[in-house]
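Trainee: Okay, here's what each chain looks like letter by letter:
Number of protein chains: 2
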Amino acid sequence: MRNNYAKQLEDLKKELILMGSLCENMLKDALDAFEQNDDTKASVIAESDDKIDIKESEIEALCLSLILHQQPVASDLRLISSSFKIITDLERIGDQACDIAEIALRLKYEDNENFKELSEMAKQTQKMFKEAIDSFVKLDIETAKNVLAQDDIVDEHFVNMRSRLISLIEKNDHEARIPLDLLLIAKYLERIADHSCNVANWIIFAITGHHSSGEII
Amino acid sequence: MRNNYAKQLEDLKKELILMGSLCENMLKDALDAFEQNDDTKASVIAESDDKIDIKESEIEALCLSLILHQQPVASDLRLISSSFKIITDLERIGDQACDIAEIALRLKYEDNENFKELSEMAKQTQKMFKEAIDSFVKLDIETAKNVLAQDDIVDEHFVNMRSRLISLIEKNDHEARIPLDLLLIAKYLERIADHSCNVANWIIFAITGHHSSGEII
Chain A
1 MRNNYAKQLE
11 DLKKELILMG
21 SLCENMLKDA
31 LDAFEQNDDT
41 KASVIAESDD
51 KIDIKESEIE
61 ALCLSLILHQ
71 QPVASDLRLI
81 SSSFKIITDL
91 ERIGDQACDI
101 AEIALRLKYE
111 DNENFKELSE
121 MAKQTQKMFK
131 EAIDSFVKLD
141 IETAKNVLAQ
151 DDIVDEHFVN
161 MRSRLISLIE
171 KNDHEARIPL
181 DLLLIAKYLE
191 RIADHSCNVA
201 NWIIFAITGH
211 HSSGEII
Chain B
1 MRNNYAKQLE
11 DLKKELILMG
21 SLCENMLKDA
31 LDAFEQNDDT
41 KASVIAESDD
51 KIDIKESEIE
61 ALCLSLILHQ
71 QPVASDLRLI
81 SSSFKIITDL
91 ERIGDQACDI
101 AEIALRLKYE
111 DNENFKELSE
121 MAKQTQKMFK
131 EAIDSFVKLD
141 IETAKNVLAQ
151 DDIVDEHFVN
161 MRSRLISLIE
171 KNDHEARIPL
181 DLLLIAKYLE
191 RIADHSCNVA
201 NWIIFAITGH
211 HSSGEII
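Listed in order, the protein sequences are those of chains A and B. So in the UniProt record's numbering, spot 150 of the first sequence is number 150, and the numbers just go up one at a time. So in the UniProt record's numbering, spot 56 of the second sequence is number 56, and the numbers just go up one at a time.
Hints are supplied without guarantee of correctness; some may be wrong.
Identical copies carry no separate label here, and so any pair may be met within one copy or between two of them.
[As the list claims (entries may be wrong)] Heads up, simulated DSS-like pairs for lysine-lysine below, C-alpha to C-alpha not over 25 Å straight-line: (1) Lys-116 with Lys-187; (2) Lys-108 with Lys-171; (3) Lys-187 with Lys-28; (4) Lys-41 with Lys-28; (5) Lys-187 with Lys-108; (6) Lys-28 with Lys-130; (7) Lys-187 with Lys-123.
Just so you know, the hints here were simulated from the structure itself, not pulled from any lab data. Owing to the predicted nature of the structure, the values given are computational and were not obtained by experimental measurement.
Please model the entire structure based on the sequences and the hints provided.
Mentor: So this is what it looks like as structure tokens:
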């Protein structure tokens with residue numbers, strides 16, 4: 001019974017890392033499709049979303065089965081409940097990668113400062129998400145805290161993008177839909193950074209029992 | 001021990017209903033502030049956000065304490081784990097109400113078709129959220145399913161808003177920041193509708209054990 005329990009806990013960690021890696025690749029593909037004007041790549045991203053939804057459901061089932069049948073001790077329950085929350089953030093990041101890919105199909109990447117700032121923002125967001133996954137793989141508090149420390153950089157990019165887009169509309173020399181689509185991509189990236197912070201906060205909780213919203217267990 | 005357990009389960013339901021009601025009021029205040037150009041109302045909304053964060057933390061602690069100390073049976077575990085997920089959606093709706101209030105401080109409501117469509121979208125979103133909370137209060141599957149059935153209406157409003165904003169930019173007779181702010185509010189409303197659907201899906205899971213993402217427990 002206990003051996004089975006240890007194996008199920010290990011499975012949970014592996015499955016979560018796998019789901020994180022699926023989402024990371026999906027986000028990379030969506031952003032590559034956008035920056036390289038690659039419609040073929042953009043159009044197949046939605047297929048990965050189904051895989052992620054199935055993975056989310058499997059991990060949810062595993063978490064609840066562990067709780068129901070194994071009566072985990074506090075430290076294990078922290079890991080299980082964190083995993084139960086983290087998969088929601090991962091699934092949302094997958095959705096947002098899909099949203100970016102959908103816009104990529106109608107928006108052509110241009111070689112100018114507005115698109116370049118968005119690419120910088122995308123790099124920073126991918127870095128945060130990668131480190132959030134790493135903090136789980138290593139169960140490392142410092143890596144998780146480092147993710148949280150970077151959120152302001154992405155928020156600043158969002159503010160800059162908004163200013164740039166106001167100027168772009170004022171200049172009135174672009175198709176009207178372009179600033180709206182660029183704003184949406186910037187918003188999705190800002191949210192992905194927030195989800196990465198959520199993941200980092202749950203890792204800190206899994207290790208310490210302390211969550212940013214207060215002492216829970 | 002079991003009496004205490006029953007009381008804690010009742011407390012969980014009450015607290016979740018209370019948190020839902022706080023978020024519902026916060027969203028109403030944010031949208032009223034926006035539609036009535038009421039800067040005083042808009043500027044105090046962030047204060048409610050702190051209350052919601054505290055409530056989220058309290059409910060998380062209650063859920064984990066119930067799991068750890070009371071070894072709930074499957075049906076109770078479904079209710080507890082649903083609550084544990086739902087509070088994330090409620091907290092996000094609170095955040096989005098704050099985001100709307102922040103935009104309301106810089107955007108003046110105008111008596112024209114663009115703002116009217118956004119108000120219609122806001123009414124529909126509030127209706128969905130209210131019904132999602134009701135489905136929890138009554139633990140009623142039909143109410144929850146009715147929430148899910150309305151998501152397309154909000155999505156259609158979003159598509160219409162985007163078309164309207166493209167026309168607005170093309171006309172070039174407004175301040176450039178207005179279409180960007182209107183797009184952001186429309187996006188927040190679309191997300192609030194999605195969160196309401198998440199809540200409804202978790203209610204269905206709590207009652208039936210079946211979640212939209214698959215059979216979990």
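Trainee: So which of those numbered hints doesn't the model satisfy?
Mentor: none
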